[in-house]
Amino acid sequence: MAVARYYFDIQDRAQVVRDDEGSEFDSLDAAVSGAARSAAEIGTSWLARGDFSDVVIEVRDEHGWRVCTVTASMKINWHTPQP
Amino acid sequence: MAQVVNASHRSNRLLAALEPEDFAAIEPHLELVELTRGQILYDAGELISHAYFLHNAIISLVNIMEDGSTNEVVTYGREGVAGLLSALVTREAFGRYIVQVAGTASRIAFERLNEVRITCPSLQLLIMRYVEAFIAQMFQTLSCNALHPVEARCCRWILSMHDRVDGDTLPLTHEVLAEMLGVQRSTVSVVARTLQTAGLIQQGRGTITVTDRAGLEGAACECYGKIRRVYQRLLPCTYPQPPPK
Numbered sequence: 001m002a003v004a005r006y007y008f009d010i011q012d013r014a015q016v017v018r019d020d021e022g023s024e025f026d027s028l029d030a031a032v033s034g035a036a037r038s039a040a041e042i043g044t045s046w047l048a049r050g051d052f053s054d055v056v057i058e059v060r061d062e063h064g065w066r067v068c069t070v071t072a073s074m075k076i077n078w079h080t081p082q083p
Numbered sequence: 001m002a003q004v005v006n007a008s009h010r011s012n013r014l015l016a017a018l019e020p021e022d023f024a025a026i027e028p029h030l031e032l033v034e035l036t037r038g039q040i041l042y043d044a045g046e047l048i049s050h051a052y053f054l055h056n057a058i059i060s061l062v063n064i065m066e067d068g069s070t071n072e073v074v075t076y077g078r079e080g081v082a083g084l085l086s087a088l089v090t091r092e093a094f095g096r097y098i099v100q101v102a103g104t105a106s107r108i109a110f111e112r113l114n115e116v117r118i119t120c121p122s123l124q125l126l127i128m129r130y131v132e133a134f135i136a137q138m139f140q141t142l143s144c145n146a147l148h149p150v151e152a153r154c155c156r157w158i159l160s161m162h163d164r165v166d167g168d169t170l171p172l173t174h175e176v177l178a179e180m181l182g183v184q185r186s187t188v189s190v191v192a193r194t195l196q197t198a199g200l201i202q203q204g205r206g207t208i209t210v211t212d213r214a215g216l217e218g219a220a221c222e223c224y225g226k227i228r229r230v231y232q233r234l235l236p237c238t239y240p241q242p243p244p245k
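If you're matching them up, the sequences are chains P and U in order.
Counted from 1, the first sequence has number 40 at position 40 by the numbering used here; the numbering is strictly sequential.
Counted from 1, the second sequence has number 156 at position 156 by the numbering used here; the numbering is strictly sequential.
Next comes chain P alone, as it looks inside the complex:
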């Protein structure tokens, strides 16, 4: 599969950070895995300041088609009532 450019739009709170630059990937799989890694990296950096928000990345291809949405989320289930 040829190298292609993919665009990652990221939801940051209420707004969307639109990616106009894009990155080149060898395949669609590589692009999705890049988006997933990025979601994890952004989630970790938000976590460092105590923010547990979901990280949502929408992947677009060169024609502007939405390919998929990658979400990294943290879920905490309390087993005892919170103090």
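FYI, nobody ran anything at the bench for these hints, they're computed from the structure.
Among the clues, some could well be false.
To be verified - Which chain P residues face chain U? A few, computed with CB under 7 Å, are given here:
1) Phe8
2) Ile10
3) Val17
4) Ser23
5) Gly34
6) Ser38
7) Ile42
8) Ser45
9) Ala48
Only a predicted model underlies this, so the values are computations on that prediction, with no experimental measurement involved.
We treat Cβ as the ideally placed atom computed from N, Cα and C, and that holds for glycine.
Let chain P serve as the given structure and place chain U on it in line with the hints.
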């Protein structure tokens, strides 16, 4: 004319710190070179022939993993010399020495520098002090990369670039920043946007302008200040001073 070249050599802070007689010993072997952005001086495993005392150019020593992912190990600017310390025995480059910011440098053949330093105890001492600062910098960076969140590391990196360039605008794309920090480009985009919203930087096309240096220092991890203090203690006057407010 000779005086102009002479002044250029001395815009490297290590060379500037030399006593006149020591500088006189090394000066005939120094060659003024222009470095262009993206130029690779050495790739991993290549034989290092010259050490580069940098003026306004900035070089990154980058480690490239088997899967192509990258991470910057050291930044060199006017406070230092690239290509001297890592490969003392084999002289094979550990990683890729890539020019991050174009500019000039004074380079010297590895053998010539070794000859001169044997006869100049004060040059030898200066290099030893630089070795200690350099190892302390690597020691700090190693832990920083393992422990600190990408936003703080990004601030550290922008500050260390800001220390070494003239002016407040850094020629820096998200792509390059991502390669230096070892993260995805889109992660850098989110971090840069957060820093811009906080008023610390202003993004342009392929540039980042520092608008609030004190704020960036506050958002960076302790590592930026620690590295800076090590250089100031071991090599007073060689580490670039922060630009006046």
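task: Against the earlier hints, flag every one the structure doesn't satisfy and list their numbers going up.
output: No hint contradicted; all consistent.
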